[in-house]
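Visitor: Here's the letter readout for the chains.
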Amino acid sequence: MKRYETRNCLLCNSSLNEPITWKLFLTNTFPKTICLECEQKFEFYNPSQQEEQDIISLYKYNDMMKDFIHRYKFMHDVILAKVFRQQIHEHLAKTKAIIVPIPIHPEKLKERTFAHVDQLLKEANIPFQHYLEKITTDTQVGKTRQQRINSPQLFRTTENVDIKGKEFLLVDDIYTTGTTILHAKTTLFKAGAKRVAAFTLIRG
Amino acid sequence: MPYKLVKENHFILYKGIIIEPQIRDFFIGRIWTRVNTPFPQEKIEKYKEQNYFNKKPGISINRSIGIFNRKRYKCNRCHNEQQNEFVQYDCARCNKTCVYCRHCINMGRITSCTDLLLWNGPKPKVKKTHELVWSGAFTDLQSTAAQQLIESLKENRNHLLHAVCGAGKTEILFPAVLYALKKGWRVCIATPRTDVVLELFPRFKKVFPKTILHSLYGNAPSHPGYPQLVIATTHQLFRFENAFDFVIVDEADAFPYTYDRALQKAVLKSKKVGAPIALVTATPSAKILAQMKREKWGYSFISRRYHGHPLPVPRLEPLWSYNKIIQKGRIPKKLLDWTTTRLENKEPFLIFFPTINLMENAIPLFQQLDKKILGVHAEDPERKGKVLKLRNEEIPGLLTTTILERGITIKNVQVAVVGAESKIFNSSALIQISGRVGRNVLFPSGEIVLFHHGITVEMDEARNEIIRFNKEGFRMEAK
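Chains A and B supply the protein sequences, listed in that same order. Reminder that position 4 of the first sequence reads as 4 in our numbering, one-by-one numbering, no gaps. Reminder that position 360 of the second sequence reads as 360 in our numbering, one-by-one numbering, no gaps.
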């Protein structure tokens, strides 16, 4: 692993000035990619407010996060996947369940040129497997809450995979109404999964 | 030799297309991505087939010379060659490793697998009937400068127009722009600041009523037609290549133009080969001056304001540990006295702060004096409205960061700089700030005070430079 991938903050381009410490050499932490000021603008999501069990979210969807998602997902700045790798790694490295990222449609993938959830996991050094496929190309963006909740099934399981009796952890970038996660969950349960939990970076 | 008659008369299909003027007008001089044009994709592909476009890869890859032979990338849109701004990633579209440029990503991502299109079709006819509707009169200094600029154009050489703040720089450009337009040239006025574009556009539109002119900046509305005069931010020039016969860079010393090499390259790229550039500034850097001498540019210098009065010279005033006092919730005594005098005399004032943080701490303190005092900084969405309020005398004064250092004109404004020793206030910034004062004929003088915690070289330099301007202006009159 490179000790320095970037000397400037990926978000505001000010210089990082990370001191070289023993900790950096001896422990297996990722080098920093954003400056302290940018880091402080992200708000952690408070777990006590969590309504549903089995869903862990890390951050609130504030203005800073909105800007981040815009730059990462819509301006296609792939390197920004590195920003949250430390936090994602800490949360997912020790889980025993099989990690399944929410997939995107192949056509959409061609358009975007990268799978945004897969990229987040790759940068965080988390192994994952695809058990799901997306059927529809339409996105949840621009729909009302009602429309989202009533949308038809979005996923199907990939062929020739054994799901019965296994534990899964779904990973997505953002949780807004929970429709995506719910659809993925029901698909896995129908195929015989024992337990399905979910992890999202952001709670909208 | 017997001739063989061709019996089979093949129907030759006419494969040409009639070019739509909108598409031609839009693409001419521009360098644009193949997708994301304002026109339907099928049309673009059809034009491409007909060879109306030249294609260029988004990022070109060269090998560096030397033992390592490392890859060197270059973005073909912004001409960025800083290797740390290029990012490799696994592209799902091409199933291989592609590269993209982070330097110009705000204008839409350019990867090594995107194509850039350059217009290769016929050029539109340009009008040569242009008219300058302007009733103002030049001072002697102004008219010589305007004449010198036209001379430089005739000789096809670059020009530096060095004029103090409030010398009427924009007006000096009018004759030269008219000369270029009448020759059928395409002219661009570029500036690093959006505020300046917004101020210049209506002025030029008014004096050139018969010319099609466009203003370009981030999120600008689109205009129809082929513009012969373009007023744009320097960032927008990334999207042009080989387009202009004459480029004027206004406020050529402003951030980020001097700092970002890619912007300077963008200007060179946007003009045609050998076309002249004119730099317009009040505070040319030593680098520009040296380049001007080395490359034998045309040079005109105006040391007096259009109304003939001398420039206000800044007064230095110590304000020890202002930072601590403001953080304790008090306004330092001298600053308080200065502000109350302005309020009593009903003079509009600007107070410059080195950081947003310090300014935000100070706003509530000043609002205790007068509720209507406001603060403005770069990320403020109401920044335009607040300046307008000050100009219309709706509010007594504004607290600001360096964003208002140039381009604004307010009648009878009085200026104070708090923390003039800060790094951000270099000599050119201080000269620009001093230049806000006394721009109006009716109020040719005014207060400019630099409150400091120790005098810096930059402050001395700014003060000496202003005194030198005044001396020079006076000497010219004596001749």
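Treat each hint with caution, since some may be false.
Using 27 Å as the maximum straight-line C-alpha spacing, the simulated DSSO-like pairs for lysine-lysine come out as follows [what the hints assert, rightly or not]: (1) K185/A - K96/A; (2) K293/B - K334/B; (3) K134/A - K185/A; (4) K56/B - K110/A; (5) K46/B - K110/A; (6) K210/B - K272/B; (7) K125/B - K110/A; (8) K66/A - K143/A; (9) K206/B - K127/B; (10) K71/B - K122/A; (11) K110/A - K96/B; (12) K110/A - K74/B; (13) K110/A - K423/B; (14) K324/B - K41/A; (15) K108/A - K143/A; (16) K73/A - K74/B; (17) K134/A - K96/B; (18) K108/A - K411/B; (19) K46/B - K108/A; (20) K55/B - K128/B; (21) K96/B - K73/A; (22) K56/B - K73/A; (23) K346/B - K287/B; (24) K384/B - K66/A; (25) K41/A - K328/B; (26) K110/A - K48/B; (27) K108/A - K384/B; (28) K48/B - K123/B; (29) K122/A - K96/B; (30) K128/B - K205/B; (31) K73/A - K23/A; (32) K55/B - K108/A; (33) K166/A - K143/A; (34) K423/B - K41/A; (35) K32/A - K71/B; (36) K206/B - K128/B; (37) K56/B - K108/A; (38) K43/B - K108/A.
The hints are simulated quantities; they were obtained by calculation from the structure and are not laboratory data.
Visitor: Now look at each hint and say whether the structure bears it out.
Guide: Do the hints match the structure? See the list:
Taking the CA atoms of K185/A and K96/A, the gap is near 18 Å; set against the 27 Å cutoff, the hint holds. Straight-line distance between C-alpha atoms of K293/B and K334/B comes to about 45 Å, which puts the hinted pair past the 27 Å bound. Restraint check for K134/A and K185/A: the C-alpha separation of about 13 Å stays at or below 27 Å, so the hint holds. Straight-line distance between C-alpha atoms of K56/B and K110/A comes to about 21 Å, which keeps the hinted pair within the 27 Å bound.
With a C-alpha separation of about 23 Å, the suggested pairing of K46/B with K110/A holds against the 27 Å cut-off. Taking the CA atoms of K210/B and K272/B, the gap is near 24 Å; set against the 27 Å cutoff, the hint holds. Between K125/B and K110/A, the direct Cα distance comes to roughly 41 Å. Violation of the 27 Å bound is thereby established for this hinted pair. At most 27 Å may separate the alpha-carbon atoms for a hinted pair to count; K66/A and K143/A meet this at roughly 17 Å.
A threshold of 27 Å between alpha carbons decides the hint, and for K206/B with K127/B the separation of about 18 Å falls inside it, so the pair holds. Simply put, K71/B and K122/A have alpha-carbon atoms about 25 Å apart, close enough for the 27 Å limit, and the pair holds. Proximity of K110/A to K96/B is assessed by CA-CA distance (about 13 Å); at most 27 Å being required, the pair is judged to hold. Using a Cα cut-off of 27 Å, the hinted pair K110/A and K74/B holds, with the two alpha carbons roughly 24 Å apart.
Between the alpha carbons of K110/A and K423/B the distance comes to roughly 48 Å, so the proposed pair goes past 27 Å and is violated. Taking the CA atoms of K324/B and K41/A, the gap is about 26 Å. The hint holds against a cut of 27 Å. A C-alpha spacing of about 18 Å is found between K108/A and K143/A, which places the hinted pair at or below 27 Å, so the restraint holds. A threshold of 27 Å between alpha carbons decides the hint, and for K73/A with K74/B the separation of about 24 Å falls inside it, so the pair holds.
Between K134/A and K96/B the alpha-carbon distance is near 23 Å, which keeps this suggested pair within the 27 Å criterion. Proposed proximity of K108/A and K411/B is contradicted: the alpha carbons are some 56 Å apart, above 27 Å. Only pairs whose Cα atoms come within 27 Å are accepted, and K46/B paired with K108/A is accepted, the gap being roughly 25 Å. For the proposed pair K55/B and K128/B, the alpha carbon gap of about 31 Å is over 27 Å, so the pair is violated.
Restraint check: the Cα-Cα separation between K96/B and K73/A comes to about 20 Å, which is no more than 27 Å; the hinted pair holds. Taking the CA atoms of K56/B and K73/A, the gap is about 26 Å. The hint holds against a cut of 27 Å. Of the supplied pair hints, the one linking K346/B and K287/B is violated, its CA atoms being roughly 42 Å apart against a limit of 27 Å. Distance hint between K384/B and K66/A is fulfilled; the C-alpha atoms sit about 25 Å from each other, no more than 27 Å.
For the hint pairing K41/A with K328/B, the CA-to-CA distance comes to about 26 Å; that is within 27 Å, so the pair holds. For a cut-off of 27 Å, the pair hint linking K110/A to K48/B stands: about 22 Å separates their Cα positions. Between K108/A and K384/B the alpha-carbon distance is near 40 Å, which puts this suggested pair outside the 27 Å criterion. The suggested pairing of K48/B with K123/B holds, with an alpha-carbon distance near 16 Å, which does not exceed 27 Å.
Proposed proximity of K122/A and K96/B is supported: the alpha carbons are some 16 Å apart, at most 27 Å. In summary, the hint linking K128/B to K205/B is supported, as the alpha carbons are separated by about 17 Å, within the 27 Å threshold. This hinted pair does not check out: K73/A and K23/A have alpha carbons roughly 33 Å apart, beyond 27 Å. Taking the CA atoms of K55/B and K108/A, the gap is near 25 Å; set against the 27 Å cutoff, the hint holds.
Between K166/A and K143/A the alpha-carbon distance is near 33 Å, which puts this suggested pair outside the 27 Å criterion. Using a Cα cut-off of 27 Å, the hinted pair K423/B and K41/A holds, with the two alpha carbons roughly 26 Å apart. Distance restraint check for K32/A and K71/B: the Cα-Cα separation of roughly 26 Å lies within the 27 Å cut-off, and the hinted pair is therefore satisfied. Note on K206/B and K128/B: the hinted pairing holds, with a Cα-Cα distance of about 18 Å set against a maximum of 27 Å.
For the suggested pair K56/B and K108/A, the alpha carbons sit about 25 Å apart, so the restraint of at most 27 Å is met. With a C-alpha separation of about 23 Å, the suggested pairing of K43/B with K108/A holds against the 27 Å cut-off.
The earlier numbered hints that this structure contradicts are 2, 7, 13, 18, 20, 23, 27, 31, 33.
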